[in-house]
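Q: Protein chains in written order, with the numbering used here: chain A, 7 to 663; chain B, 94 to 538; chain C, 195 to 354; chain D, 51 to 318.
Rather than coming from a laboratory, the hints here were simulated on the basis of the structure.
Each residue gets a CB set at the ideal place from its N, CA and C atoms; glycine is no exception.
Check each hint, because a few of them may be wrong.
One-sided excerpt, in silico: chain D residues whose CB lies under 8 Å from chain B [unchecked claim]:
#1 C64
#2 L69
#3 T70
#4 A82
#5 I87
#6 A93
#7 T94
#8 A96
#9 I142
#10 Q143
#11 L145
#12 Y159
#13 S167
#14 C187
#15 G251
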Amino acid sequence: MISATEAPAHGPGFLARKDLGALFALVRDDGRRLIGPTVRDGAVMLDELDGPDALPEGIRESQTPGRYRLEAGRPGRLFDHTVGPSSWKRWTFPPTVPVGTTRRDGAVVAFEPATPDAAPLAFLGVRACELAALAVQDRVLLGGPVADPDYAARRRSALVIAIQCTTAASTCFCTSMGTGPEVSDGADVVLTELDDGFVVTAGSRRGRELLERLPVRLATAEERDAAAGGVAAARAAVAANAGVAAPGLPSRLMAALDSPRWADVAERCLTCANCTLVCPTCFCTSVTQRSDLAGAETLSERTWDSCFTGSFAAVAGGNFRSRPQDRYRQWLTHKFATWVDQFGTFGCIGCGRCVTWCPAGIDVREELAAIAPPPRAVVTGMHLPAVTPAPDEAWLRPARVVATHRETANVTTLTLAWEGQVPGAGQFVMAGPPGFSAAPISVSRARRGAIEMTVRAAGPATAALTALGHGATVGVRGPLGRGWPLERMLDRNVIVVAGGIGLAPLRSLIEAIAAERERFRDVTVYLGARTPRDRLFVGELGAWSAAGIAVTETVDRAGADWLGRVGVVTHLFDHAERLPEGAVAAVCGPERMMEATVEVLRARGIPDERIFVTLERHMECGVGLCGHCQLGRFFVCRDGPVFSIAELGDAFGREGL
Amino acid sequence: MHGGEGRGAAGAGATTERRFDVGQLTRVEGEGSLRLRVRGGVVVEARLAIFEAPRYFERLVVGRRPDDVLDIVARICGICPVAYQMSAVHAFEALYRVDVDPAVRTLRRLLYCGEWIESHALHVYLLHAPDFLGFESVVALAQADRGAVERGLALKKTGNAIVALLGGRPIHPVSVRVGGFSRAPRPREMAALRPALEAAVEQALETVRWVAGLPTPDLRQAARLVALRHPDDYPMNEGRIVSSDGLDLPATDWEAAFREEQVEGTNALHARTLDGGAYLVGPAARVTLAGDRLHPLAAEALAATGLAEEIRVNPYRSIVARAVELVHAAAEARDIVAGYRAPETALATWRARPGTAAWATEAPRGLLFHRYEIDERGRVAEARIVPPTSQNQAAIEEALVTVAPGVLDVPEETARTRIEQLVRSYDPCISCATHFLDLTVEREP
Amino acid sequence: MADRRSLAAELAASWFGSDLPPHARTAFLELAVEREVGAGTEMVREGQPTTGFGLVLSGRVALRLHVPGRGQVTILTVEPGDIYGWSAIVPPYRSTSTGVAVEPVRALVVDAVALRAALRADDALAASLYPRVLEAVARRLDGTRLQLLDLFAGQVEASW
Amino acid sequence: MARPRLGVVKFASCDGCQLTLLDLEDQLLGIAEQVEIVEFAEATSARSAGPYELLLVEGSVSTPEQAEAIVELRRQAAKLVTIGACATTGGIQALRVFADHDAWRASIYPHPEWIESLATATPIADHVPVDAELRGCPIDPGQLLEFLTATLLGRRPRLPDEAVCLACKRAGSVCVVVAHGEPCLGPVTRTGCGAICPAFGRGCYACFGPRETANVPGLRRSLVVLGNAPADVDERFAGFTALAPPFARAAAAGLAAAAATGGDDARR
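Bound conformation, chain A alone (with noise of 0.2 Å):
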């Protein structure tokens, strides 16, 4: 030990590869678990280490794609590999998480959000590529409107030790990515490994108080030089590598979602979801459910998902994403594209995790410029986003059920006790019993101290909720999402359009519009039901007449004794000409319903800024932290679930996005 005016202040340090014991010692004394590389099971993995012994002495591996294999490195050195199997997202963000737990007692229920698990860490070896993947991961689950509070435990309490790559791999293509193999940032300490030991510098002051505490010394000219050398060889053997032509990438990539290569890779693709899992970038999660037998205690963990799996974008009336093509597109223009839409940078660090990992050998190097030929290619740097945790909406609070009213068969409106925020005319709220799984539900009717969800039974979780009775109790969170543009509609012309289950969020537009009536110009409210018998609201319609909004109703079909219209809903207005001027249309129903609508409605002269629509998509978190409900560059829950023709673009009513 040196004392701290002996610590080099000025320039790199150095650490004599004996004196790592040392630092495995401070960080122990400081009360943190240490993860670094070690050799099991035939790859480099990140565990917790008992001491210097257990890193990977003398060991480089062959990576190629679908193939790695450990070989001899440089004996004596202890990081000559690159990256393993295991990303830090294992510590940071690990497989699965308790979010909370349910406890029901008698007809009391109580809500607990898990307490984040705070024990902190100490990172060694974290490649370059890797510091911009927890970078890239803030952004993600920290840099929105909602943070995780686990991660942002996780990832505050984690004192991070750098190592520059000094050799590369195959699959290694952090230089086009523009993240690597130099450390620039988010390191506390940096290290550079040679044959005797590591020149080190401190990135942060927790890391410079690290290493005034260590026996460092300043390191000679001689050293920095061959530091820098063994990186100016990595950064050489990188470039060598196939790379990816990351300028345009997004407007290319998203321009080719027809590529016929789709199906091509589609047949060698295996939809494991191995790439997902190995990327340190991937956060997909889900929420799963575990009781006791009686249900008296609920606990709900996360766990991570893939955008591979069958389930990953099923809803109740179907799967968005049912082919294996759409799911790898999903993944690749995800990660090359609307990433960069969602977050400000890609979600591809150019690690090559997925390209060695993947079984099939499949390479998005060689997919992306099969699909999006690459212009010359230039190198991009990275901006690292700082840690900001955000608010949290990240758990259930009880909402006890103070009416419920029947609309018909397997449709039920359910009057919650509402304390806080009141919705938005089109927001949702997370709903589910105790003991069951939270989905989105829109609110039906909002006012202060109470709101309604009209709720059809379409599976085992609605279907508890439509049975729950008076003074019953709910999880819920939000309000959550986008709703209705009201402003836009002032003082102009609008046209509701509403098929089914659909009536339900838009409720709440007609009621926040009849409540201020004469704000706006002539209201039209278009209603499609199946058969008469499922019409909803109808004690209501009248209401809404009374109001200055005209109704019009069909069924698509009825029996002999039903004197109303019957047809689809799009031909209550196919035969005006024109609709009225200026006007702005709301519509939701089922997604084939309004790609009908739509249609009419443009026809009839209504561009796409002013045709809003609200939809459907399987959520887990409802706050754009589990990756479900991605559709292009957006988040369903936390973009829309409300978005204009114009804003979906493309993506409004293509198969598989």
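Given the coordinates of chain A, assemble chains B, C and D onto it according to the supplied hints.
A: Just chains B, C and D now, with coordinates in the frame of chain A:
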């Protein structure tokens, strides 16, 4: 087949002949039925029929590689898959002369201990003990003695935990390979078992005291006993085949002393000695023939019961032998875990060769013999598998002949229960029993 | 009853008539008679020869199919501006559904035989009338396809 | 409220899947409080021919008598749930469909005429409608518990149909295909076992049967590219779920190759 229709006893000419039909035996593994005809105080027919559907395992393994055979034969029985893997793996290794790491040998004993604990706890607490106390199931028993049932379940759980640690799951574990294990446990994982094993030893000792005190019918049935015997260890994976009347053979040579035959009305083959005699394998045989190799704690527990001699002659006392083996397996497992060092080579390399691979090990229910003919490609050309229950079947029927006259005068329901209890005391594993029915046409009389 | 001039205005204002050139409108009007019927009147009958081609001016005509076991099922209503009885000009000239006025209906009705004769004789009328009828039928086909999907039924999942 | 009546019955099988219920040591007595176990020959002498609110069925149909029995059981069961590879795909004994059944019977039994057995061993769903399936050889105790809990609470049990790979990666196991060239069927096999084979250094042998979207030709090509003989890859499919439609073609090819010359297998 699943109804309760056949379970009642029907008296045809009740004064002269009583017939007991048990349509489907319960609390046994697999599907079997029982028929007993008693005329004038004399048993004229005792038939333990097995209607478990044939699954043709001896053909399923033909053409397959030894490592695949280990996965396949495990599926013969969900209760004792380890036993099938052990007999097979030793048979192959004996033929290939594989030199396994000594630590692997120890781990295999540990694996077998796990299966014995699981299987014996299942039989003692869930299948057999309810009989002695007049309950229809362990659930009913739990109403009366929840502590005992919880003790049994805890033991069973510990046995399962051992098998799961070594093989990934308690049923059909995946790690047993020719040459050793595909992965050996890490010392940290082994250490985590220690508290449960300490408790298991105590629970097993308590089990011996409990079952020794159960009200037990009296019966003397001097059966011929057959088990493995090893110079140092209580018999599991290794030893010579010995019998109470002086037989002594290598584990590869079962066929030199025994044969199988088919009986009409049952899907299982019966094994008998070459001279046609019945014999008994299992815990009572092992405790009697190799009691001097028991772990000291188990030997002490057995001595404390004073029942060693009765175990030899009264099948109803097999539950005590099983409990004593629970102590042995728990104590040996505890010792192995305490002294564990990971093998240097979990998986030895080997070279297949053609020839005959044969071996017998001690399944929880008794001797389990496998023989495979390996062809030039290293694949199985022919297989023969003799499970313990088909070896015991003749002895069970003989015991029924002995016991039946004694139940002639008790009420119908009692008689039936008593007879079923006797069958259950042999812990027949019928799902195994039916599968191994290899009698080649040449051997047929 | 409206006079011919106001009928011409109504025809010109209707969806069906708005796109017809003056000659076709005049020719159509010459053939047509104005008809008013009460609720419950059967205008055409499924499977029977179609006697008239009509343009609904007001009221509502329900098109119904007979489904054994379910009785009469309404599959579409014809609203003002739209036509019924297009089978009057498409072989075999039999009605594909039963049309019933579900409220008092006022319509312009053309005799089927007369209309077919006029269309054969007057190419200009045929050239402008047929496309409009085809468009009306195409819209119904489109709507029928959507109805076939039964979109509002949702998918009721299995109990597990 | 009356407890639901639970039955457990078996057809051709090893008893391991029903044993899994008894292996829920910590929950067994609790389950017995929530349901009334009216039929479970392995565990209780109480018997009932029905009706059952919930009937768990193990094993495949492999005798004429069984083919009749399952129809009556279906009639008695409000919800019939198949447990395990035998019940859901036919199990290992279903491999007999690729062979000459009569020859097999004659080669094992001196009196084949005494043995009632069908030439097939078929999944329960081939005979009667099935309400839900628990996959696996054997089924997973966690999935069984999840199934029972969810059913009692009226929510949908979580029985994911994705690849084994997800569980393998979540567990932090090293991919045996990529790191060792082991033939592993994980990418086409349904999850639920906990990905134990790769955790033990072995390739998955598909005892949970096919996942949704099982790209068998794609996996076969990949494994061959990585150095495995095509016949060896096919033989991997000839296991405990060989009759599942996505696997059956490869399984038949693998068995045929195993029975024929097959090259020099006498090595390791």
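Q: For each hint, tell me whether it holds in the structure or not.
A: Taking the hints in turn, this is what the structure says about them:
Hint on D:C64 holds. Least Cβ distance to chain B is approximately 4 Å, under the 8 Å limit. Hint status for D:L69: holds, given a least beta-carbon distance of 5 Å to chain B, under 8 Å. Evaluation of the D:T70 hint against chain B yields a held restraint, the C-beta minimum of about 7 Å falling below 8 Å. Taking 8 Å as the C-beta cut-off, the interface hint given for D:A82 holds, the closest approach to chain B being about 4 Å.
Annotation: interface hint on D:I87 holds; nearest CB of chain B at approximately 6 Å, less than 8 Å. For D:A93, the interface hint holds, the least distance from its beta-carbon to any beta-carbon of chain B being 6 Å, beneath 8 Å. A distance limit of 8 Å between C-beta atoms decides the matter here; for D:T94 the minimum to chain B is near 3 Å, and the interface restraint holds. For D:A96, the suggested interface contact is upheld, since its CB lies about 5 Å from the closest CB of chain B, less than 8 Å.
A hinted interface residue such as D:I142 counts as satisfied when its beta carbon comes closer than 8 Å to some beta carbon of chain B; here the least separation is about 5 Å, so the hint holds. Because the closest C-beta pair between D:Q143 and chain B is about 4 Å apart, less than 8 Å, the hint holds. Taking 8 Å as the C-beta contact cut-off toward chain B, the hint placing D:L145 at the interface holds, the least distance being around 6 Å. Interface restraint check: D:Y159 against chain B, minimum CB-CB distance 6 Å, threshold 8 Å, status holds.
With a cut of 8 Å, the hint placing D:S167 at the interface with chain B holds, because the nearest CB-to-CB distance is about 5 Å. With 8 Å as the threshold, the beta carbon of D:C187 comes within range of chain B, its nearest partner Cβ sitting at about 6 Å, so the hint holds. For D:G251, the interface hint holds, the least distance from its beta-carbon to any beta-carbon of chain B being 5 Å, beneath 8 Å.
Consistency note: the structure conflicts with none of the earlier hints.
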